[in-house]
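Asker: With the hints as constraints, model all of the structure from the sequences given.
As they're listed, the protein sequences go chains H and B. Reading the first sequence from the start, the letters are residues 113 to 566 in our numbering. Reading the second sequence from the start, the letters are residues 113 to 566 in our numbering.
By construction, these hints were calculated from the structure, which means they are not laboratory data. Fair warning: this is a prediction, and the values are worked out from it, not measured in the lab. Ideal placement from N, C-alpha and C gives every residue a C-beta, glycine not left out. Do not rely on the hints blindly, as some may be mistaken.
Stated by the list, open to error - Below, a list of computed lysine-lysine pairs in the BS3-like style, where the Cα atoms sit at most 27 Å apart:
{"hint": "1", "chain 1": "B", "residue 1": "Lys460", "chain 2": "B", "residue 2": "Lys559"}
{"hint": "2", "chain 1": "H", "residue 1": "Lys533", "chain 2": "H", "residue 2": "Lys410"}
{"hint": "3", "chain 1": "H", "residue 1": "Lys460", "chain 2": "B", "residue 2": "Lys410"}
{"hint": "4", "chain 1": "B", "residue 1": "Lys191", "chain 2": "H", "residue 2": "Lys367"}
{"hint": "5", "chain 1": "H", "residue 1": "Lys460", "chain 2": "H", "residue 2": "Lys559"}
{"hint": "6", "chain 1": "B", "residue 1": "Lys478", "chain 2": "B", "residue 2": "Lys533"}
{"hint": "7", "chain 1": "H", "residue 1": "Lys367", "chain 2": "H", "residue 2": "Lys350"}
{"hint": "8", "chain 1": "H", "residue 1": "Lys478", "chain 2": "H", "residue 2": "Lys533"}
{"hint": "9", "chain 1": "B", "residue 1": "Lys367", "chain 2": "H", "residue 2": "Lys191"}
{"hint": "10", "chain 1": "B", "residue 1": "Lys350", "chain 2": "B", "residue 2": "Lys410"}
{"hint": "11", "chain 1": "H", "residue 1": "Lys559", "chain 2": "B", "residue 2": "Lys350"}
{"hint": "12", "chain 1": "H", "residue 1": "Lys410", "chain 2": "H", "residue 2": "Lys350"}
{"hint": "13", "chain 1": "B", "residue 1": "Lys460", "chain 2": "H", "residue 2": "Lys350"}
{"hint": "14", "chain 1": "H", "residue 1": "Lys350", "chain 2": "B", "residue 2": "Lys559"}
{"hint": "15", "chain 1": "B", "residue 1": "Lys504", "chain 2": "B", "residue 2": "Lys410"}
{"hint": "16", "chain 1": "B", "residue 1": "Lys367", "chain 2": "B", "residue 2": "Lys350"}
{"hint": "17", "chain 1": "H", "residue 1": "Lys460", "chain 2": "B", "residue 2": "Lys350"}
{"hint": "18", "chain 1": "H", "residue 1": "Lys410", "chain 2": "B", "residue 2": "Lys460"}
Said to hold, decoys possible - Residues from chain B that keep clear of chain H, each with C-beta distances beyond 12 Å, as calculated:
{"hint": "19", "residue": "Asp171"}
{"hint": "20", "residue": "Ala284"}
{"hint": "21", "residue": "Arg561"}
2 protein chains.
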Amino acid sequence: MNPWSQFAPELVTDLYELTMAASYLREDMFGDATFSLFIRAYPPGRSYFVAAGLEHFIDLVTAFRFEGDSLQFLASTGKFTTDFIEFLATLRFTGSIRALPEGRIFFADEPLLEVTAPIIEAQIVETLAINVLQLESLIASKAARIVHAAHGRSVIDFSLRRTHGVDAGLKAARASYLAGFTGTSNVLAGKIYGIPIFGTMAHSYVTSFEHELESFRAFARAFPDSTVLLIDTYDTLKGALKAVQVAREMAAEGKALRGVRLDSGDLATLSRGVRRILDDAGLNHVEILASGSLDELKIQDLRDAGAAIDAYAVGTHMGVSADAPYFDIAYKLVEYEDRPVLKLSSGKRTWVGRKQVFRHYDDQGKMLEDHLCLADEEHPGGEGLLEEVVRKGKRVKPAAPLQAIRQRVEGDFQRLPEACKHLREPQRYPVRISPSLQDLEEQTTRKVRREELG
Amino acid sequence: MNPWSQFAPELVTDLYELTMAASYLREDMFGDATFSLFIRAYPPGRSYFVAAGLEHFIDLVTAFRFEGDSLQFLASTGKFTTDFIEFLATLRFTGSIRALPEGRIFFADEPLLEVTAPIIEAQIVETLAINVLQLESLIASKAARIVHAAHGRSVIDFSLRRTHGVDAGLKAARASYLAGFTGTSNVLAGKIYGIPIFGTMAHSYVTSFEHELESFRAFARAFPDSTVLLIDTYDTLKGALKAVQVAREMAAEGKALRGVRLDSGDLATLSRGVRRILDDAGLNHVEILASGSLDELKIQDLRDAGAAIDAYAVGTHMGVSADAPYFDIAYKLVEYEDRPVLKLSSGKRTWVGRKQVFRHYDDQGKMLEDHLCLADEEHPGGEGLLEEVVRKGKRVKPAAPLQAIRQRVEGDFQRLPEACKHLREPQRYPVRISPSLQDLEEQTTRKVRREELG
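Answerer: Encoded structure:
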C-alpha cells in the first residue's frame, strides 16, 4: 500500500480553480491569458532566490488530465454541471510556458514563470505551480546560503525526518543538491534522483550496546571501508579517545577509520579538542563531521571561531527553511486577450503584461543589474533570462540533468556581487523597471481607476 | 503519470537506519528495543501540542516491507551484503506500538508514541515516524490555536499552494480539520478524507472581465446558490456596493447572495464598512469572509478591534506553522533487552524506560497535572493516555473516524486550563516526573557515567 499513489495531480488544486473554470466555460471565455509567478518581497536577511522546481512542474502540466476517479469525485460533490465534468474529461494543457531555468539566481518582482494559455488551462494549474515552485525554490535558496557559509567544506542534507511530509523531504534533497550540497541521508532521493547518499549511526546504536567501545567496534566490522563514528553520546573527548583505539585496531587489519561525527555541545571547542586527539594519534586523515541544529549562521560562527570541522550535516533548518518557511509568492493574471490587467488591492503590486528579465554584467563578469521589461521589448546587451520551455502543451527541450543545474547555480553564484551574498545584512541587487513597462503599468492603473473607482 | 507513486514508504528513511540494521544483523542483535517519540521543548509562545498523524503511521508500519525495486536499488549502492538484502526482503514489523490517540492534547517530554520491537524493526521506522507524526501534530497544534482565536467563527484551510509540497498540503487539510477547522480549499483532501471543500474566485477572475460588476454577475449565474464574491480587487467598499447590486439582481431571480470575501487592507475597518453597506441594503444574511496572511494573533487582534467578520480563511501561516515550522522532536532508544538506556549529550535529556502518562483532573473536569511514569507503575486516579494500537505487527482496533478525532480535540481543549490557552503568554502546564522514573533515570545516569566516563 502506497498512500501517495492517491495523489492525483489534477486534484492538487484549490476548489476555486474549478469554480472559476466552470464559470469561464459557462461564459464561453476561452481567450488566451498570461499568468506570472513571482516573489513579491525578500524575507528578512535575504537578497536573492535560486530557481528550482520547474522540471517537476513541466512534467505535471504536460501530463495534466482529469481521470475517471477524479471526475467521479467532482461530480459527486454536486457543485458542478454534467457539461463541466464532460469538459474537464477532455481538458489538456495546450499553452506555452516561459520560465527561468532551474538553478538561475533571481530577485523579487522577476517572473520565475509565465504561463500563456486559454484562461481555464492557465488558471487551473495555479495551485500546483505555486506549490511546486515555491517549495523547491525556497529550499534551493536556503541551501545556497548554507553552501556559501560552508566555504568549500562538504554539506550533507539530513533533513528528511523533519521536512513537512515525504514530498518535501524528496524536494529538499534534490533542491539542496542542486544548490551545491554533496549528498543526502535520504535513501529514496538517492533512488529517484541519483543523489549520493550518506549515513552512519544514531545515538541509539551506541546506547544499544553495553559499552560505547563495543558499538564502535561492531560498526567498523560491518563497514570497514566507510566507518564514521558518532562520538558524543556520553562525552565527546572520551568518545574521540575510543575512536582512536578503534582506528588502531582497524589499522592492524589494514583498514582506516574514515571519520567521526559530533552532534552536540560547543562544536567549535570540541572539534578542536577532537582534532588534537586524532592528530596526536597520527590520525590526520580522519575527518570531523558536525551536525546538530546547524544553519548558515551557525556554520559561519563556527568558522569564525576556528572550528576544526571538515564537513557539515544540515537538517531541520534547511529542510523547512526555518528562518523563512514561505515566500510571498503569487501567480497573477497579467494579461487577458491582449489586455493588460492588474488589481489595486493595497500593498500588492503586480507588473502587468508578458515580461522578460534582461541581466547585465560588468567587465569582470559580475552581475550589474537586471531590467524587468515587456516580453516584446528589444534590450541589446542584456541576457534574456526567461526561456520557452513548453510550447502548445509540449516540452520544448529535455530536462537538464542535475549536474548541469548544479553548475548553473555555481556559475550564477560566482557572478552574484559579494555584497549581496552577506548572510546577515546583504545588499539589495538592483532590478530596474523598463520605461515601457512603467508606462503600461501607469496607463493600466489609470484606466482601471477610472472605470472601477470613478 | 503520478510522480508520487514512486514514494516507496520503506525507502522514506535516512541511510543510517539501514547501516545500523546491517550491523545489528551482523552482530545477531535481535533483542527487543523500545523507542520513545516525544517533543523536548515548546516553541516560543506555545504551551501544548495536539497529537495527529498516528493513523497514517500505523498504516505505513503495518504494511512495511521492502519490495523488489527498493531491494534492487539498495543492492546497487554497493553498501550492503547480499545477506542483508535478503534479510530485508523478509523483514516485517512484528512489534507493538503504544501511542496517544489522535486528537489528544499533550505536553513536552510526554511520549506521543512508544515502539517496542526487535531493534532492527523499531529502529528502521524512525525516520518515517518522525516525518509523519511531527508534521501532522505541528499543523494540528497550530490550527487549534487558530480555532481558539476565531472564537466560534468558521475557519477554512486555504494553505495548499504554500504548504511544503503536496503531502504537506493533504496533511495540513486533515490536521486542521481535526483541530476544528470547518473545511478546506484542497480538493484532493476532500476526496481522500471526506473533508468539506470550499472555494469561489481569485482576483484573476475579476480582472479577466472588462468590469468587476460583470465578473460578479457571471459568477452568480454559474453558482446562484453559493455565490461568494471577492470584493477587494479594486476598492473594497466600492466592491461591496457592486455586490449589493448583484444581490438585488439575484433576489429578483429568487436567489440570495451568500457572502463576500475581503483579502487585503485594514480588515477590521473595511469589514465594518462592508457590514454597514450590506445591512443598509437589507442584506444582513450576507456573510463576510476574511483572508490574507491571517494567523491566530491577527485574528485575535481583528476580534479585539471589533471586526465584522463571520468566517476566516487561513493559509500560509497555518499550513507551514510559520511561527514554529518544526518541533524539537526526537525518537530515542529508552530500553534495550530490559536495560534502560540514555545518552548524556549536553542539553538533550531523554527519560529512560517504557512510560505511561497519567492525567489528573480537578472536580470541574479541568486538567490539573500530568504524571510521567514508568509503564508498569500503578497510578490510581489518573487517566492513562497511551493506548496500545499495534500488537505483534497488527492494528489492534480500527482507525477512528475524523469526526471522532475532532470531538477528542474539542473535549481536551475544553478541559485545558484557560491560562494555558493564552495565545501570547501561555502558562506552562505541570508535568510531574514520578519518583520511580526519577530513580531509574538517576541510577542509569550513574551507571553510564561510571562505565563510560570513569
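Asker: Over 12 Å to the closest beta carbon of chain H is the bar; see if B:Ala284 clears it.
Answerer: violated (8 Å)
Asker: Taking only the CA atoms, is the gap from B:Lys478 to B:Lys533 under or equal to 27 Å?
Answerer: Cα-Cα ~13 Å, so holds.
Asker: For H:Lys478 and H:Lys533, compute the direct alpha-carbon distance and say whether it is at most 27 Å.
Answerer: With Cα atoms ~13 Å apart, H:Lys478 and H:Lys533 stay inside 27 Å; holds.
Asker: Within a Cα-Cα threshold of 27 Å, do H:Lys460 and B:Lys350 meet the stated pairing?
Answerer: Measuring from Cα to Cα gives roughly 18 Å; hence the hint holds.
Asker: Is the hinted pair H:Lys559 and B:Lys350 satisfied, with a Cα-Cα distance of at most 27 Å?
Answerer: holds (16 Å)
Asker: Please work out if H:Lys367 and H:Lys350 have their alpha carbons no farther apart than 27 Å.
Answerer: Judged against 27 Å, a Cα distance of about 22 Å means the pair holds.
Asker: Assess, step by step, whether the Cα of B:Lys367 is no farther than 27 Å from the Cα of H:Lys191, and give holds or violated.
Answerer: Distance of about 16 Å is within 27 Å: holds.
Asker: Going straight from one Cα to the other, do B:Lys460 and H:Lys350 come out at no more than 27 Å?
Answerer: holds (18 Å)
Asker: With the threshold set at 27 Å, check whether the alpha-carbon distance from B:Lys504 to B:Lys410 stays at or below it.
Answerer: violated (47 Å)
Asker: Between the alpha carbons of B:Lys367 and B:Lys350, is the straight-line distance 27 Å or under?
Answerer: holds (22 Å)
Asker: Next pair to validate is B:Lys191 with H:Lys367; report whether the Cα-Cα distance is within 27 Å.
Answerer: holds (16 Å)
Asker: Do the alpha carbons of H:Lys460 and H:Lys559 lie within 27 Å of each other, as the hint requires?
Answerer: Within the cut-off at roughly 18 Å; holds.
The structure does not agree with the numbered hints 15, 19, 20, 21 stated previously, though it agrees with the rest.
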